[in-house]
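Q: Working from the sequences, and respecting the hints, build out all of it.
Take a look at the letters that make up each chain.
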Amino acid sequence: MSSPSAPPPSGFIWATRGRNWGFRFLRRGGLDDPLGTYEEAFTDVADRPEVWHRTGDMVALRFSDPLQRQDAAGRVIPHDFVLFGSWAAGLNSLEEGQKRMWLEVADEFASVWDQEPPLRTGQPH
Amino acid sequence: MRSCYCRSAYRGPSNDHAGLGTRSEPHPACQGPRYGSRMKFNRSVDQHIAVFGESGSGKTVLVSSFYGATQEPDFLSSSLFDVTADDTGQGHRLHKNYLGMRDSARRPDTTRFSSTPYAFTVKLRDTGAKVSKQESFDALRLVWHDYPGEWFEQDVSGPEEAERRIATFRSLLSSDVALLLVDGQRMLDNAGEEERYLRSLLASYRTGLLKLKGDLLEGGKPLVKFPRIWIIALSKADLLPEGDVFAFRDLIIEKASDDLTALRDVLAGFVRSPEALSAGEDFVMLSSAKFEPNRIQVAERIGVDLILPLAAMLPFERHIKWVDRMHMPAKVAAELLDGLGPLAVALLGRTGKFGRVISLLAPLGFKGDELNAAMRTAVKATSDQLRSMNADALAKRDYQSATLSRFRLDLEAGEEKRVLLRSKR
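Going down the list, the protein sequences come from chains A and B. Heads up, the first sequence is in my numbering, so the first residue is 46 and it goes up one at a time. Heads up, the second sequence is in my numbering, so the first residue is 776 and it goes up one at a time.
Watch out, some of these pointers could steer you wrong.
What the hints assert, rightly or not - Which chain A residues face chain B? A few, computed with CB under 7 Å, are given here: (1) Pro53; (2) Gly56; (3) Phe68; (4) Gly75; (5) Asp78; (6) Leu80; (7) Asp116; (8) Ala117; (9) Arg120; (10) Trp158.
Claimed, not checked - Calculated lysine to aspartate or glutamate pairs in the EDC-like style (CA-CA distance at most 20 Å, straight line): (11) Lys871(B) with Asp89(A); (12) Lys1192(B) with Glu1050(B); (13) Lys1065(B) with Asp862(B); (14) Lys871(B) with Asp884(B); (15) Lys1106(B) with Glu1050(B); (16) Lys988(B) with Glu935(B); (17) Lys871(B) with Asp92(A); (18) Lys871(B) with Glu141(A).
Think of the hints as simulated: they come from the structure by calculation, not from any bench. Here a beta-carbon is modelled for each residue, glycine too, at the ideal position from N, C-alpha and C.
A: This is the structure:
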């Protein structure tokens, strides 16, 4: 959970992993430390492979890589999102969420997923 | 080796005993006398094992395979002991992982942003035999530390994850035994050029530890409680079926001996009395299951059944030898021997001539001299003596002695099968 003085989250949080780099945040929802908010969003659904879960104005979304890309251990890579504001508005299903978010991140993920660690990305969003 | 000297030692994760999420010190209320004092044994003996490995190297699969196998009907009908997860929810998750592999060829999910210490109680079966007052402890507990592999390899996401990482590594580094996983898949990917992977892996362990050193050593003081046995373990060994543990050791020495030495130097910088440290001198082959394209054969394990004997008996064998052979501060010697007396007495059990002494002394409590004698006698037992001890213990339904002598025989069998190679030091 972000501290009371921290700016409210905006946009979305995106956590995923690559073939050889481990789970990390590729988008941070405008938060310096998005971990608390991310975990709060997934609290009740942590172990599920697919998630669409709304808590107030926040939506937790999880789906497997649509191209079935796998990590080095042979597991299909998951994509976890926490959506805020306009990103969360009007989303009523996993399918809608996956369609909307994959359109947004597919190219970015294609460019980084098989990089060798340490992963080099742009500034945190 | 940890010991809590009270009946409440295996209450579960809500109790501090479980060491879950915090530095795993014995419960303050239970910090009783150490091996040198007079005491009656009525407690659990804890072994902590730290499994280090990169992301995807098979850490979570390994703990799931270990636990899942102990829930199979064959194990339950033949074993002298039960293995239960202290936290039922954790146990169900591990079992679910195992069943997912066994029945649906589904690998456990990736570990995200947090570590999990799994506490297992190894409880001897109640067969209706008369419980002797001389039983030296009630249960063995294995605390297995699992963590996200990327915590060695990449920066954390922010202060919260940074705090978790430090707390986890403090916990990992207060274990008794550490396994350093070498990923069999990566070895296969780099066949012929294994040094590329091995050197990078060992450097990653080394630099990861150095980066955290300032946070892990309070006031820069070296640690007394520290894993003094670092076993190099080949995970996914099923992918390299033609090799045995000697081939694995030779490859490590041939391709990465300088890096192994550098890692050993870093580890030595963490610990008080670094002469009592064996890092990269023991080797084991591990495979949690045989992975095929659409099938995971969980019954086809390699070395997983050695983990409990390794955690329980390797510090027992090694620490007593070190204390006998090396000059070290009393505090270090006491730490090394902590909890080993009860194991020695249990191993010797009611068998042979030592059993008669134990029978006489048990109602009065044990003193340091008896424990010392028990430890030295137990650690020197030869294979034939262990076999005889085991048979005798089984005949007398002394399941503590039978289980512990079986653990030691299992380690010997692991060596005969060339799955395990123990340091001769």
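Q: Each hint needs a verdict: does it hold in this structure or not?
A: Status of each hint after checking the structure:
1. For Pro53(A), the interface hint is violated, the least distance from its beta-carbon to any beta-carbon of chain B being 16 Å, above 7 Å.
2. The interface hint given for Gly56(A) is violated, since its Cβ lies 16 Å from the closest Cβ of chain B, which is over the 7 Å cut-off.
3. At a threshold of 7 Å, the smallest CB-CB gap from Phe68(A) to chain B is about 5 Å, leaving the interface hint in force.
4. This hint is violated: Gly75(A) has a C-beta 13 Å from the nearest C-beta of chain B, more than the 7 Å allowed.
5. For Asp78(A), the interface hint holds, the least distance from its beta-carbon to any beta-carbon of chain B being 3 Å, beneath 7 Å.
6. At a threshold of 7 Å, the smallest CB-CB gap from Leu80(A) to chain B is about 5 Å, leaving the interface hint in force.
7. The interface hint given for Asp116(A) holds, since its Cβ lies 5 Å from the closest Cβ of chain B, which is under the 7 Å cut-off.
8. For Ala117(A), the interface hint holds, the least distance from its beta-carbon to any beta-carbon of chain B being 4 Å, beneath 7 Å.
9. Taking 7 Å as the C-beta contact cut-off toward chain B, the hint placing Arg120(A) at the interface holds, the least distance being around 5 Å.
10. For Trp158(A), the interface hint is violated, since its Cβ never comes within 7 Å of a Cβ in chain B; the closest pair sits about 13 Å apart.
11. Between the alpha carbons of Lys871(B) and Asp89(A) the distance comes to roughly 18 Å, so the proposed pair stays at or under 20 Å and holds.
12. As the CA atoms of Lys1192(B) and Glu1050(B) are separated by approximately 30 Å, the hinted pair breaks the 20 Å bound.
13. Note on Lys1065(B) and Asp862(B): the hinted pairing is violated, with a Cα-Cα distance of about 28 Å set against a maximum of 20 Å.
14. With a C-alpha separation of about 11 Å, the suggested pair Lys871(B) and Asp884(B) falls inside the 20 Å cut-off, and the hint holds.
15. Distance restraint check for Lys1106(B) and Glu1050(B): the Cα-Cα separation of roughly 15 Å lies within the 20 Å cut-off, and the hinted pair is therefore satisfied.
16. With a C-alpha separation of about 19 Å, the suggested pairing of Lys988(B) with Glu935(B) holds against the 20 Å cut-off.
17. For a cut-off of 20 Å, the pair hint linking Lys871(B) to Asp92(A) stands: about 11 Å separates their Cα positions.
18. Between Lys871(B) and Glu141(A) the alpha-carbon distance is near 29 Å, which puts this suggested pair outside the 20 Å criterion.
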